[in-house]
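J.: Chains as they are written, first to last, in this note's numbering: chain P, 54 to 484; chain R, 12 to 513; chain U, 497 to 585.
Among the clues, some could well be false.
[Unchecked claim] Residues from chain R that keep clear of chain U, each with C-beta distances beyond 10 Å, as calculated:
hint	residue
1	Lys210
2	Leu220
3	Gln363
4	Gly416
5	Gln442
[Claimed, not checked] Listed next, with one range per pair, are the computed distances between beta-carbon atoms:
hint	chain 1	residue 1	chain 2	residue 2	range
6	U	Thr507	P	Leu233	32 to 40 Å
7	R	Glu338	P	Gly232	24 to 32 Å
8	P	Glu420	R	Ser24	21 to 29 Å
9	R	Gly204	U	Gln573	22 to 30 Å
10	R	Val441	P	Gly139	23 to 31 Å
11	P	Gly353	U	Trp560	31 to 39 Å
12	R	Glu338	P	Ala351	24 to 32 Å
13	U	Asn544	P	Arg481	38 to 46 Å
14	R	Pro298	P	Glu420	55 to 63 Å
15	R	Ser211	P	Glu362	54 to 62 Å
16	P	Gly231	U	Thr507	38 to 46 Å
17	P	Gly353	U	Gly555	27 to 35 Å
18	P	Asp431	R	Gly147	16 to 24 Å
Derived from the structure by calculation, the hints contain no laboratory data.
Don't be surprised by glycine CBs; every beta carbon is placed ideally from N, CA and C.
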Amino acid sequence: MTDVPPRQSPAPEEQAGGAADTGHNGGNGHSPVTVEFLSEWRNAAYNCYSSGHKFCREVCPVMQVTRNENHTPTAFHANVVAMEQGELTVEDVAEDYVNCTQCGACELRCPNTLFTGDFYRFRTRTVDLVKRMRALAVDNGVHQPGYQRWNELTDERSHEPVLGDTPVSQEHVRDWAGGLDIPIGGETVLFVDCEAAFYRTSLPRAVAQILRRAGYEFGLMTEQWCCGGPAAEMGYRDQARRFAEHNLADWRAAGVRRVLVLDPHDYITFTEDYPEFFGDDFDIEIVLVVELLAQLIAEGRLTPTVPIERTITYHDPCRLNKRKGVWQEPRQILGAIPGLTFHDVDRVTQWSYCSGAGAGLPIERPEIARKISENRMDEAAQLEVDTLVSACPWSERPLAEAGQDRAIDVVDIHELLAESLGIDVGGRTRA
Amino acid sequence: MTIAPELSDQVVSELADAVGGQHVLTSKTARYNRARVPAPFPVHRWAERVPDLVVMPASTEEVAEVMRIANAHRIPVVPRDGGTGLTDGAVPERRGIIVDVKRMNDVKAIDTDNRTCTVGAGINMLKLNEVLAPYGLLYPDDPASYPCSLVGGRIGTSGWSLIGSRYGHSRDLVLSFSFVLPTGRVIRVGDGGGPKVSKSSTGYQLKHLFMGHQGTLGIATEATLKLIPKPEAELSPFWAFPDYDSAHQCVQKLAHAGVATFAGAVLFDEWKVDYLRRDDEAYIPQPADVRALVCAVAYGNADEVRAGGKRFMRIARDAGARYLGDEISQGDWAARHDRYATPLHGRTRAGQVVPMSWHCEDSAINWTDLPQVRLEWHRIADDLRRRFDMFDDWGIFAYTSAATGVDYLTEIDIGIWEQELDDESWTAWVQAKKDIAEVAVRHGGSISACHGACRDGEVDLVPVELGGAFDVMLDVKRAVDPNNIMNPGKYLLDRAYETEVE
Amino acid sequence: MTGYRYHEQHTPPPARQVTDVAVERFEHIFEVDPKLMTAHVAQQLFPNWDTLRIAASRGDHLEWMHRHWAYQVISAQELLDEIESEQPG
Ligand SMILES: Cc1cc2nc3c(=O)[nH]c(=O)nc-3n(C[C@H](O)[C@H](O)[C@H](O)COP(=O)(O)OP(=O)(O)OC[C@H]3O[C@@H](n4cnc5c(N)ncnc54)[C@H](O)[C@@H]3O)c2cc1C
Ligand code: SF4
Ligand code: SF4
Chain P
54 MTDVPPRQSP
64 APEEQAGGAA
74 DTGHNGGNGH
84 SPVTVEFLSE
94 WRNAAYNCYS
104 SGHKFCREVC
114 PVMQVTRNEN
124 HTPTAFHANV
134 VAMEQGELTV
144 EDVAEDYVNC
154 TQCGACELRC
164 PNTLFTGDFY
174 RFRTRTVDLV
184 KRMRALAVDN
194 GVHQPGYQRW
204 NELTDERSHE
214 PVLGDTPVSQ
224 EHVRDWAGGL
234 DIPIGGETVL
244 FVDCEAAFYR
254 TSLPRAVAQI
264 LRRAGYEFGL
274 MTEQWCCGGP
284 AAEMGYRDQA
294 RRFAEHNLAD
304 WRAAGVRRVL
314 VLDPHDYITF
324 TEDYPEFFGD
334 DFDIEIVLVV
344 ELLAQLIAEG
354 RLTPTVPIER
364 TITYHDPCRL
374 NKRKGVWQEP
384 RQILGAIPGL
394 TFHDVDRVTQ
404 WSYCSGAGAG
414 LPIERPEIAR
424 KISENRMDEA
434 AQLEVDTLVS
444 ACPWSERPLA
454 EAGQDRAIDV
464 VDIHELLAES
474 LGIDVGGRTR
484 A
Chain R
12 MTIAPELSDQ
22 VVSELADAVG
32 GQHVLTSKTA
42 RYNRARVPAP
52 FPVHRWAERV
62 PDLVVMPAST
72 EEVAEVMRIA
82 NAHRIPVVPR
92 DGGTGLTDGA
102 VPERRGIIVD
112 VKRMNDVKAI
122 DTDNRTCTVG
132 AGINMLKLNE
142 VLAPYGLLYP
152 DDPASYPCSL
162 VGGRIGTSGW
172 SLIGSRYGHS
182 RDLVLSFSFV
192 LPTGRVIRVG
202 DGGGPKVSKS
212 STGYQLKHLF
222 MGHQGTLGIA
232 TEATLKLIPK
242 PEAELSPFWA
252 FPDYDSAHQC
262 VQKLAHAGVA
272 TFAGAVLFDE
282 WKVDYLRRDD
292 EAYIPQPADV
302 RALVCAVAYG
312 NADEVRAGGK
322 RFMRIARDAG
332 ARYLGDEISQ
342 GDWAARHDRY
352 ATPLHGRTRA
362 GQVVPMSWHC
372 EDSAINWTDL
382 PQVRLEWHRI
392 ADDLRRRFDM
402 FDDWGIFAYT
412 SAATGVDYLT
422 EIDIGIWEQE
432 LDDESWTAWV
442 QAKKDIAEVA
452 VRHGGSISAC
462 HGACRDGEVD
472 LVPVELGGAF
482 DVMLDVKRAV
492 DPNNIMNPGK
502 YLLDRAYETE
512 VE
Chain U
497 MTGYRYHEQH
507 TPPPARQVTD
517 VAVERFEHIF
527 EVDPKLMTAH
537 VAQQLFPNWD
547 TLRIAASRGD
557 HLEWMHRHWA
567 YQVISAQELL
577 DEIESEQPG
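Pulled out of the complex, with its shape left as it was, chain P reads as follows:
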């Protein structure tokens, strides 16, 4: 056997990479897109398959509920090998991939990431694999009914069909900002995710007013659409790309250089999906609002003074803590708020926590998502806190529901900071 040159196709941004040896998957009756997928994912799949050690299992929020080995990252990778071997088809495997919140715990805990991912510049990418497998299913005409409907509705309305009193449509996307007189356009704009724009409107109001308090200038988009991230997560890549193109065009037209993001899910979309779509052309700076606020506090531009008498714990949103390594800044913010009693749980322990809300799990598997939320609130209940603070709007609705039985309030960190700054936020927090 001799070493053969790698297949010279440019690996897409932050994708599996791992150009395969040529001539291996042989077709096996798969469609051309499947064959291409298999060659792209071959080495990544084997890199897990050849380990098979399941360090990922116990941190996975879905596995903690179902205990079903089909739902492990191990299986998600092994299925690719089985497809390559002609043992399984995309039809056989597609449905299993709904059992994932794309929280990123497994891929971070995997020794192939945590111990050698940086060394080899080759890490486990379960989240990307789940996204790609869902997309492959869609490309092969295999749809999950809940995802299909959700994305159709999103496509119709240009926003996700979040439940609430505000009708989801383009005319209402800026309703949350009523009375705040925020300009349109400018060098910096604030991007507000669908849940916050149409449901938890107190959150963007808090952010907008805090920034104004600090003298930080920003505007709103001319015509904001859904970021496209949920479509990418559920496998509707063409739609995701269309939405991304729209938003990028909107930014370009208004001369935007910088986008402020208050939702961790959007942050992932803008720093992982958009770069993948646009590559070198992606010249917009993406700023995470919690990081910005922590900095404004450190610089003395914001000083929370109103004491908040609550006993809290902090929920590390998966997409910040596990997927981006952002965990210090929220704690810096909480540390600056007077009156709080903080029972913190370290961020490594929280790798195995999740709200259950990610990547469409509540759409296809609401009972599993609910159980994950309950597990998370059980952990909080053991700390004898009255409040759980989160930094992710998507986590807050399900956690608040699970919190009701346990007498634990769920509060958003931006809103908590606003309160301590003496800002009367307005808007709504709860149905």
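With chain P held as given, fit chains R and U with the ligands onto it using these hints.
T.: Then chains R and U with the ligands, alone, in the frame of chain P:
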């Protein structure tokens, strides 16, 4: 006799009645994903090991009911827990039913007075210890698979713990367990009748028998475990040596020192050091005269760990060791679970990175025989690599199994490029495994100190190693499992039924 | 503050050769010499934040593992220093 019959609808509906329809899994993915463990196997032969279906029971009673159904229909049953076992134990050889016990993962009781806890067989030790932490207690079964193996699998393999030299191994830490026999009868096995007894002299001592059988005798469902106070302190110095022999001398001096907090010592040979230089941040920058390593580990009360630790430091210094510093020592010990099965360690002969599966041959060898066994094993591995550019010698670790230094879990790690495995290289590999096992047996050791020995190759030598005891094993198997439904095909136990078949 | 910028993220610091098979780009973070990953397994596109995130998480994980097993970690260097001062040579 034990070729699985087509599972009739009748059987499936009986099983559904027993465990609930949603816990009988028949999909292809459910079956294919329970046909593997981390031990390498030719990928193109995957289909040979696929079960007919999977059940996921939630209680001892449900397991018993499944077993009665299987026994009545003579269907093979393979228990599966974490699926991390390295001897293919949880992989069916004759299709049949996988009994996946992972749903049984609750903590049923914590007894702080007697320092025990009672748990379902599907619980993971790390997760259990998170629950025990607020009580200041710890369950100290610490295999390298600590984050992923589960208590039922620890019983099924009679596992080995990295800190067993102080706290004992699974067999010492599991006090008792509920056990479902192949007939569906449930018994409690332990050190005596009471579930929380650690030493008894009543009757036959059956606990050993019902541990380490690789699911060939029945299924453990619930276990009572011995707990320790969470240690005040940990110490884990690592030392470098210019040659293997001085490291070999030093490791035994540490084991012989009689330090009460001694929890284990590890010896790394020259091949292991070379391997670490490929990609381990601690060893990449080490000077060339680092040829072998030793580490010693202590746990316990801080004052005692300190006192014992000073003794270690003195012994190692006098043995010519260079202390590698706190950062490496502490970091490497904390990384003890994570550095085994990393495929990109693999290198072709040309030095290119390829994803290789980790194979670990894990014999028990006496200290006196370590140097010679090591040379013979490397010769076998080097020969393989010369013939096939898909095997890679990843070096040898030797770990104390007991505080006295009597024997060492000695593992040679070999990387195998599974993407390339074909029938020819697989046959050569099976022969190599047999040769490796033969060396262990010839040197008066045991083929396996922790994983078990039922894979192709080494399994042929089990009757040689055990002699007359193997015949007793056959008698026991026939008595406990008259229809050979439990994990048939493993450990050459079919021989127990050969006369009947004829 | 500066947020995510594509070009920044995809411009890693220059590599310094550490051994025949390893290089260093970020301080204390070694990487395989990329020439070893040209035949069978190609490296992935790796933004800088990801390298730094993994390295930091590794440190956090190791620290967590110590705490998980014992309340304190004793410095062997301290013990060695004590021995040296008690009986020099
Ligand atoms: C990275 C890595 C490191 C490892 N390090 C070690 C180590 O240091 N020490 C060590 O001992 N092992 C080690 N192993 C091997 C493996 O983790 C152990 O053998 C472990 O005990 C298997 O547990 P499991 O839950 O994964 O069991 P499985 O693999 O599911 O099963 C193992 C065997 O037990 C049987 N079994 C499973 N459940 C039951 C039950 N409830 N009742 C009866 N039989 C049952 C199965 O049929 C099978 O034969 C390592 C493995 C890996 C991947
Ligand atoms: S994802 Fe990582 S931890 Fe999980 S089985 Fe694969 S290689 Fe092992
Ligand atoms: S991303 Fe999260 S939910 Fe999905 S498999 Fe990994 S750990 Fe499980």
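J.: Compare the structure with each hint and give your call.
T.: Okay, the hints, checked on the actual structure:
With a minimum CB-CB distance of about 27 Å to chain U, Lys210 (chain R) clears the 10 Å threshold, and the non-interface call stands. Distance check on Leu220 (chain R): its Cβ is at least 31 Å (rounded) from any Cβ of chain U, clearing the 10 Å threshold; non-interface status holds. A beta-carbon of chain U comes within 10 Å of the beta-carbon of Gln363 (chain R); the shortest separation is about 4 Å. Consistency note on Gly416 (chain R): stated as away from chain U, and its beta-carbon is indeed over 10 Å from all of that chain's, at 20 Å minimum.
Consistency note on Gln442 (chain R): stated as away from chain U, and its beta-carbon is indeed over 10 Å from all of that chain's, at 26 Å minimum. In this structure the hint that Thr507 (chain U) and Leu233 (chain P) lie 32 to 40 Å apart at CB holds, the actual value being about 38 Å. Remark: the range hint 24 to 32 Å for Glu338 (chain R) to Gly232 (chain P) is contradicted by a beta-carbon distance near 56 Å. Range check, Glu420 (chain P) to Ser24 (chain R): about 24 Å between beta-carbon atoms, so the 21 to 29 Å window is met.
At about 50 Å, the beta-carbon gap between Gly204 (chain R) and Gln573 (chain U) misses the expected band of 22 to 30 Å. Here the CB-CB span from Val441 (chain R) to Gly139 (chain P) is close to 25 Å, well matched to the stated 23 to 31 Å. The hinted window of 31 to 39 Å between Gly353 (chain P) and Trp560 (chain U) holds, with their beta carbons roughly 33 Å apart. For the pair Glu338 (chain R) and Ala351 (chain P), the supplied restraint of 24 to 32 Å holds, since their beta-carbon distance comes to about 30 Å.
Distance hint check for Asn544 (chain U) and Arg481 (chain P): the Cβ-Cβ separation is about 40 Å, which falls inside the suggested range of 38 to 46 Å. Under the hint 55 to 63 Å, the C-beta atoms of Pro298 (chain R) and Glu420 (chain P), about 58 Å apart, fit the expected range. For the pair Ser211 (chain R) and Glu362 (chain P), the beta carbons lie near 57 Å from each other, so the given range of 54 to 62 Å is met. Separation of Gly231 (chain P) from Thr507 (chain U) is about 43 Å and conforms to the stated range, judged on CB atoms against 38 to 46 Å.
Evaluation of the 27 to 35 Å hint for Gly353 (chain P) and Gly555 (chain U) yields a pass: the beta carbon distance comes to about 30 Å. A beta carbon spacing of about 21 Å between Asp431 (chain P) and Gly147 (chain R) agrees with the range 16 to 24 Å that was offered as a hint.
Checked against the numbered hints listed earlier, the structure breaks hints 3, 7, 9; every other hint is satisfied.
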